[in-house]
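Per numbering that gives the first Met the number 0: the sequence shown = residues 0 to 184.
Simulated from the structure, these hints should not be mistaken for laboratory data. There may be inaccurate statements among the hints.
Quick list of in silico lysine-lysine cross-link-like pairs, DSBU-like style, CA-CA up to 35 Å [what the hints assert, rightly or not]:
hint : residue 1 : residue 2
1    : LYS36     : LYS129
2    : LYS36     : LYS46
3    : LYS46     : LYS121
Ranges between beta-carbon positions, derived for each pair [what the hints assert, rightly or not]:
hint : residue 1 : residue 2 : range
4    : ALA118    : ALA142    : 33 to 39 Å
5    : PRO161    : ASP108    : 16 to 22 Å
6    : ARG66     : TYR40     : 31 to 37 Å
7    : PRO161    : ALA118    : 35 to 41 Å
8    : ALA104    : ALA142    : 38 to 44 Å
Don't be surprised by glycine CBs; every beta carbon is placed ideally from N, CA and C.
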Amino acid sequence: MTPAGRRIVAAAEELFYHRGITAVGVDLIAERSGVTKRTLYNQFGSKDRLVATYLTGRDQRWRSLVRAAVDASSTPAEAVTAPFEALRTWSETNTRGCAFINALAEIPDPSHPAHRIAANQKLWLLNLFKELATTAGCSHPAALATQLLVLHEGAVATQPLPLDSLPGSTDLARALVQAGTSPRH
Numbered sequence: 000m001t002p003a004g005r006r007i008v009a010a011a012e013e014l015f016y017h018r019g020i021t022a023v024g025v026d027l028i029a030e031r032s033g034v035t036k037r038t039l040y041n042q043f044g045s046k047d048r049l050v051a052t053y054l055t056g057r058d059q060r061w062r063s064l065v066r067a068a069v070d071a072s073s074t075p076a077e078a079v080t081a082p083f084e085a086l087r088t089w090s091e092t093n094t095r096g097c098a099f100i101n102a103l104a105e106i107p108d109p110s111h112p113a114h115r116i117a118a119n120q121k122l123w124l125l126n127l128f129k130e131l132a133t134t135a136g137c138s139h140p141a142a143l144a145t146q147l148l149v150l151h152e153g154a155v156a157t158q159p160l161p162l163d164s165l166p167g168s169t170d171l172a173r174a175l176v177q178a179g180t181s182p183r184h
């Protein structure tokens, strides 16, 4: 990506995350990035492609953070809840909830490239929870994965509120994993 392209994406990310995708026009993105609209369109072709690029970058950073948290886990059971630990780190600089949930709400058309990226990010996390729960020997890993995703997404969605729901969600996730790995009597 060219330096101008990187500036455009950086400006778009800031604006889309804080103001909303549909509320931000290409004029403002071009102005904030110090380029012309023509340069923006030459770099990305359309606002839709720019939105997809913005979400792809966030997705890559998020997945990298989650993978690092999983890799740093000392046990397979601890790895199952590593995405909650990653969320704690992520939330230090991302305080307006989830860009992917926001994108799904703003762009309901499943054929839109940004919608697909946001939906795939959620499916990736669900599948990761299932994979980690299977590796940890949890009973019913698919059901547990769904429960963990709901807890995780609830913590993300309530982030802008003064609830501090992440610690409680993390504790509940650990209890669910522990219950799923306990030997049956």
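Against the structure, the hints come out as follows:
no., hint, verdict
1, LYS36 with LYS129, "violated, 44 Å"
2, LYS36 with LYS46, "holds, 11 Å"
3, LYS46 with LYS121, "holds, 23 Å"
4, ALA118 with ALA142: 33 to 39 Å, "violated, 21 Å"
5, PRO161 with ASP108: 16 to 22 Å, "violated, 34 Å"
6, ARG66 with TYR40: 31 to 37 Å, "holds, 34 Å"
7, PRO161 with ALA118: 35 to 41 Å, "violated, 29 Å"
8, ALA104 with ALA142: 38 to 44 Å, "violated, 26 Å"
Violation of the numbered hints given earlier is confined to hints 1, 4, 5, 7, 8; the remaining hints are satisfied by the structure.
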